[in-house]
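Visitor: Those sequence lines, one after another, are chains A and B. According to our numbering, the stretch in the first sequence is residues 1 to 310, in order. According to our numbering, the stretch in the second sequence is residues 311 to 792, in order.
There could be a bad hint or two in this list.
[Unchecked claim] Straight-line C-alpha distance at most 35 Å; calculated DSBU-like pairs for lysine-lysine:
no.: 1; chain 1: A; residue 1: K136; chain 2: A; residue 2: K89
no.: 2; chain 1: A; residue 1: K128; chain 2: B; residue 2: K593
no.: 3; chain 1: A; residue 1: K132; chain 2: B; residue 2: K463
Hints are computed from structural coordinates only; laboratory data are not their basis.
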Amino acid sequence: MSTPPLELTDLTKRFGKKTAVDHVSMSVGEGEIVGFLGPNGAGKTSTLRMALGILPPDSGSAKLFGAAPGPAAFGRVGFLPEERGLYRKSTARGAIAHMARLNGMKGKDAFRRADEMMDEYGIGEAKKSKVKSLSKGMAQKVQLIAAIAHDPELLVLDEPFSGLDPVNQKVLEDIIRGIAARGRTIIFSTHVMEHAERLCDRIVLMSNGAKVFDGTVDAALAKAETQIRLQTAADNAAQWLSPMAKHMTDEGDGVYHLTLKDEADSQHVLKACIDSGAPLLRFEPEMPSLHDAFVSMVGADVARGEETTA
Amino acid sequence: MNLRRIALIARRDFLGYVRTLGFWITVLGPVIGIILGTLGISIANSAEPTRYVSILDETGRYEQLIIEDVNDRQDWLESEKIKLGAKFVMTPEQFATLETKLENDGPEAGKTYLQSISPDLAARLPETPPTLVILDIEDLTSEDIKPYLSGEKTTPNGQRLDGILEIKDNAGTPEARFYSDRPGFEGLINNANRILRRDNLDKYFGETGLTRQGYSDAYNKYPAVTLINPFKKVTVDGGGQTVTLADRVPYFLAAGLSFFLWLTVFSGAYMLLMSMVEEKVNKALEMMLASTRFTEILFGKLLGVAALTVASMLPWVIMGGIGIFLLIVLGDPAISSALAGSVTPGMIITFICFFILGYLFYGSLFMALGSLAESMQDAQTLVTPVLLMLTMCLFVVSTGISNPDSGLIKAASFIPVSAPFAILMRLPNDPPLWEIWLSAFILLASTILVIWGASKLFRHGILSGGLKGLKTLISFGRIKSS
Chain A
1 MSTPPLELTD LTKRFGKKTA VDHVSMSVGE GEIVGFLGPN GAGKTSTLRM ALGILPPDSG
61 SAKLFGAAPG PAAFGRVGFL PEERGLYRKS TARGAIAHMA RLNGMKGKDA FRRADEMMDE
121 YGIGEAKKSK VKSLSKGMAQ KVQLIAAIAH DPELLVLDEP FSGLDPVNQK VLEDIIRGIA
181 ARGRTIIFST HVMEHAERLC DRIVLMSNGA KVFDGTVDAA LAKAETQIRL QTAADNAAQW
241 LSPMAKHMTD EGDGVYHLTL KDEADSQHVL KACIDSGAPL LRFEPEMPSL HDAFVSMVGA
301 DVARGEETTA
Chain B
311 MNLRRIALIA RRDFLGYVRT LGFWITVLGP VIGIILGTLG ISIANSAEPT RYVSILDETG
371 RYEQLIIEDV NDRQDWLESE KIKLGAKFVM TPEQFATLET KLENDGPEAG KTYLQSISPD
431 LAARLPETPP TLVILDIEDL TSEDIKPYLS GEKTTPNGQR LDGILEIKDN AGTPEARFYS
491 DRPGFEGLIN NANRILRRDN LDKYFGETGL TRQGYSDAYN KYPAVTLINP FKKVTVDGGG
551 QTVTLADRVP YFLAAGLSFF LWLTVFSGAY MLLMSMVEEK VNKALEMMLA STRFTEILFG
611 KLLGVAALTV ASMLPWVIMG GIGIFLLIVL GDPAISSALA GSVTPGMIIT FICFFILGYL
671 FYGSLFMALG SLAESMQDAQ TLVTPVLLML TMCLFVVSTG ISNPDSGLIK AASFIPVSAP
731 FAILMRLPND PPLWEIWLSA FILLASTILV IWGASKLFRH GILSGGLKGL KTLISFGRIK
791 SS
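One chain only, chain A, in its complex shape (with noise of 0.2 Å):
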């Protein structure tokens, strides 16, 4: 068995009185695509990191590609930061250059690789301009081309489609999928679980600090509490449908829109409508998303608290 890209075991990390990141343990295997979802808050840029070795964990450790960050990872990381930055006065490909050869390429190889790669991703007319000069969805795409220009082993890439449009929102995932394509490890995180579910084999949900969920999308829909929206001409609906849901809402005209106990399906719902005799003029089981699920795991009180904190 090979060794994992990166691994985490027990990290921890506080400031002050807040512990940021609790006890989270998790490995990202070679080839794979991980988002790393949580709310904003929920100590996601902190793990990355300290996986990074940027941040020193309080206890706990870190390991990339078998050894403590450092030295012997350099060149096969690249990294995109929450915080977008690039030297401002220093041209676009120059950008890339250096981040290149700060990662071991050789000089004419660095700039030769960003003149390709700016050509690649449909930017190839900024090669000279200056990086203040450039809109902030290129300059994020220079800041991407900068991360993975000497094709690193493992890309770690923090909220990579914050600040974007949907269109470049869609570029930068299928540039993601180019990436993983080549069999390179790829760990994102982000807040909007969406992308995660477009992109990930495998994700890692993270509320308060601790890791909540850490296994495959379907796994985690699994999770989901089932939601179901009905519409009967029964009067008294309320009063059968109330004994399998955990939250009913009576949205009028007959619709009710159930999240249905744990021990209840959409089949016993369909069951209970059918013996009621009334006439069922609508039942739609709901595809549950991660946001679902994670507001399952955690708790809406809990989701919706670390949101508004953030």
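Place chain B on chain A using the hints.
Guide: This is chain B only, laid out in the frame that chain A set:
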């Protein structure tokens, strides 16, 4: 630490600034200043018109003396010009001959001699056109003054006069007036005053049976106290222990080097501050941290800004070098030889060591503080105490010139903030070697400590975004280093 990465970071910082217009304005500032200054003086000189004056001397005693004084002045200027050029092409013996010729036979003879040694230089020496021409006008009277100055009357060759010096005899006492309507034109006033003073002194001394020359000799050639340094090497003729200006040269050199270090630290510190604030604004460092150590970034930036500082100081270094060269070639041989003797290998090594340590000490300090700042205003507030400390070190340099072995300088050489400046000031006094080593050790240890602390503050400043109250500084000890 990886030297390649350090060099890459240094290179980026260096080139990042070198490509800016501001850098070139800083670098070329002194050169442009000198060119403009020289050009200005040259234009002002060439634009200075030749003035025509005449003398109306009723006493008959002073006219010729004043004309001779004017000519003497012009001869002196001409002689100095010849001597200045001759220093570059003549041997000391030839130069001594030239001086004798100038003294005895005047500038024309000097120029002829220079021509025999270096015809090329003699031909290149610029002509100095006279700025004041004294015209002799026959039958000039007091009534003619106004017409001549207004242009109503002109000299035989059609020249209007710019000024007329009138000297009347007032019962045996000369009474002089200079008439001119040219603002700021002093004409013959200085020459006339010199002659009148001399005449007055002659008259006074004549009455007492003394001579002006005798008084002058008595005044100037008194048996002055000779300052002797008994520890100086005795020369073959038994002398050599007299303390001269040449003996002060090593102290001036030490002060110059010390001040150069101070200037480098000061301007380097400003650039480091700018660089750190720029980093904070650019937010480019976090990305680099996945492939570079904190300490590599710290040293890379220090190195880059050091190169930048040296590059921006280069015009001053070159001008200083030219100045020292000219001093050696043109100056007093004793001073030149003292200057050459002051630059010993020991001094150079000590200077380089303390220069590097001093720069690292202050540079790290400024970088750490700069990394905590969010803006240039923040940075200026944060570094004010360090700047005050640095300014106080100037006192060490000034005290060192007049009193290099004072207790203050000695103590300052063991305090890290002032050690680089103080130890350089002490060097001409040959301090014990162990004191230099101790000073270097204290400075080295402090520098390591400051770099260690700076890397912590630097990491904290970069990741957290800045100084969040004193609490941050107090708790920075908890921030672990990589």
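Visitor: If a hint holds in the structure, say so; if it does not, say that too.
Guide: Each hint, compared with the structure:
1. K136(A) / K89(A): holds, 15 Å
2. K128(A) / K593(B): Roughly 21 Å between the alpha carbons, so the hint for K128(A) and K593(B) holds.
3. K132(A) / K463(B): violated, 73 Å
The structure is inconsistent with hint 3 alone, although it conforms to all the rest.
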